[in-house]
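There are 2 protein chains.
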Amino acid sequence: MSSKGYLLKESDLHPLSLGAALLGTGGGGNPYIGMLRTRELIRSGHEIRVIGLDSLPDDAFVGEVGGIGAPVVGIEKFEEGHECYHAVRAVEEAAGVRMSALISAEIGGSNSLEPIIAAAYAGLPVIDGDGMGRAFPEVQMTTFFIYGAPTAPGAIADEKGNVVVFRKVVDMFWLERFARDAAVAMGATAGLASAPMTMEFVRRTAVPGTVSEALRIGHTVLDARRDRRNVVEAVLKVTGGGLYFTGKITDVRRELTGGFARGHAILSGIDDFAGSEARIAIQNENLVLWVDGEPKVMVPDLIVNLDLDTGEPITTEVLRYGQRVAVLGLPVHPLMKTEKALAVVGPKAFGYPELAFVPIAAPPAPAQG
Amino acid sequence: MSSKGYLLKESDLHPLSLGAALLGTGGGGNPYIGMLRTRELIRSGHEIRVIGLDSLPDDAFVGEVGGIGAPVVGIEKFEEGHECYHAVRAVEEAAGVRMSALISAEIGGSNSLEPIIAAAYAGLPVIDGDGMGRAFPEVQMTTFFIYGAPTAPGAIADEKGNVVVFRKVVDMFWLERFARDAAVAMGATAGLASAPMTMEFVRRTAVPGTVSEALRIGHTVLDARRDRRNVVEAVLKVTGGGLYFTGKITDVRRELTGGFARGHAILSGIDDFAGSEARIAIQNENLVLWVDGEPKVMVPDLIVNLDLDTGEPITTEVLRYGQRVAVLGLPVHPLMKTEKALAVVGPKAFGYPELAFVPIAAPPAPAQG
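Keeping their order, the protein sequence lines are chains P and R. Residue numbering for the first sequence follows UniProt numbering, starting at 1 and increasing by one per position. Residue numbering for the second sequence follows UniProt numbering, starting at 1 and increasing by one per position.
Derived from the structure by calculation, the hints contain no laboratory data. Watch out, some of these pointers could steer you wrong.
Any copy will do: because identical chains look the same in the list, a pair fits if it lies in one copy or spans two.
In silico lysine-lysine, DSBU-like type, Cα no more than 30 Å apart, as pairs [as the list claims (entries may be wrong)]:
hint, residue 1, residue 2
1, Lys296, Lys9
2, Lys248, Lys4
3, Lys9, Lys248
4, Lys160, Lys340
5, Lys296, Lys168
6, Lys348, Lys160
7, Lys248, Lys340
8, Lys248, Lys296
9, Lys4, Lys340
10, Lys9, Lys348
11, Lys348, Lys337
12, Lys160, Lys248
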């Protein structure tokens, strides 16, 4: 990509949100409402430019934004649309700087579109990259915070007009705590903007190219569907992932506690996996996949459930008894697998002290074709 | 009082905190730690000037401060001391103004001393008055908010270095919600500073003269004790209150929920009240006194429990079985009894829809002497 980047077209939005939903690993919220809003913005004349990490001078400021809340709530309580924009403006005011571009905290799910919408309102470009390369449930779980981004001033805004600024915050865990509490008070959906980062820092720490990657995955799924090819195989090929289970959902437990959707899904194996049972642990996103009691894929690697018939990514909030799904494991970006990163996003950080992170490597059931 | 006011002396601090504890109506937190801190500040050379509502030009800015949290926690987790000062500085920065003086959100309990401590650090005078004329459990329950003070920018700070700014807040109830959640996250004790108010506004809306009133009540109690006179009678005389019950505590229920101490106390009558039973409802402060099922004193009027032997005010967190107490009712300031005020601090606002506010009038058992 040239340093001038490319303009998002209306025809990009469906594949982008499809690819983002897949990278959401079951969470990140459904991007459908954000897609409709972005489409309206493009139709009403807003230009949305995606620029590469080689763009902008080192000392330009970049704003990280994302929606915060429980995806389960996001289905029924839509954002008003300006939440992240208002949060960015509050950060600019508190920090006394102007942003030159915005970047997504997480490419997975609806947060792929949040910076795009805020950037359209602000007349800023969005950077081709993000802070996770997937979705994660908590604020501190970005490459930015893991590698030392300033924790303040950040800001959170809701659709009612409330804006709360985190002016000084001891560390990223305190930021998560304050932001989560405020988001719950705001009704479990709100827009969060983090402290300004320099472009020099973002170049070193962002997961690169993930807007384009989501677009590429989305196009792959849509092309395979149109050509009546096997969607799962096409996705494995484009992502370098592996098929770890195929099964029917026999049990789903899900509850909304402390602003998170927590629970698990149990799957009974079919096809090559007949006679086996799988369990997937969930905190907004899919955390760990066990097959017959053995951990097979675990955070930070991606666990993706695709509908076996349509190839549609199945998010946590729509999991239900009887669905037939392919469970894919995709390797996360190396920036998320360092010792520093695993301390924040590895299995232990999610409450599985018995699991030492084992990255997925070669696909166990390689795609044909 | 002249417009230059008076300097607080070390010898004022004991009577001031005693009077403030009494006006705390069972809540507001114990002023003891704040008294020790203020004494150190005076001993180390800080001048603390108390100025009247006739001071300062109309367009001077006044900052309202107070500790926020559950008094029960405040016993064991002391404030570091700079919480309110840091909150005031954050408000000044967010609003782009400098304060000319500070005023207490509530004169009752430890918040009588919070603005004095912050003012000493900031080198500012404190105003002789407050926003309650007593103590109340929630942020919006001040004459300032009731009569239209701006709800933003406010700020909350803790002892760890966290500072959260409420940059835009829809109304005072949202401010209470955000501030309460942040205070709970901060460990249930924190310093809160509200948006700058003009002196013209404060002159119209503050409960006047309450720093001096607390001093006067404290001196009265100490003088009566020294002279071995009846403390309860002396307090009734100086406050214009009445004696509504005398009894022994037979039951105390108290739990910490959502940052508040909630519960009730049951008293079995002695002396003139032998054979009667009283019940006092509590949310940090004493809310309603029933005697034999009949409501006798209710918010916003003050319900004060004094130790029958020492005349010491008994706060919610030290109520216990077997204590012998005099239950006094003191009339609240007229600014707290208007229709506007009762909507925020009347019995209905505290969850007693069946109680229409009846102000206390003539003392039912007049003090002799």
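Item to complete: Taking the numbered hints from earlier one at a time, note which ones the structure violates and give those numbers from smallest to largest.
Response: When the structure is compared with the hints, numbers 1, 2, 3, 5, 7, 9, 10, 12 turn out to be violated.
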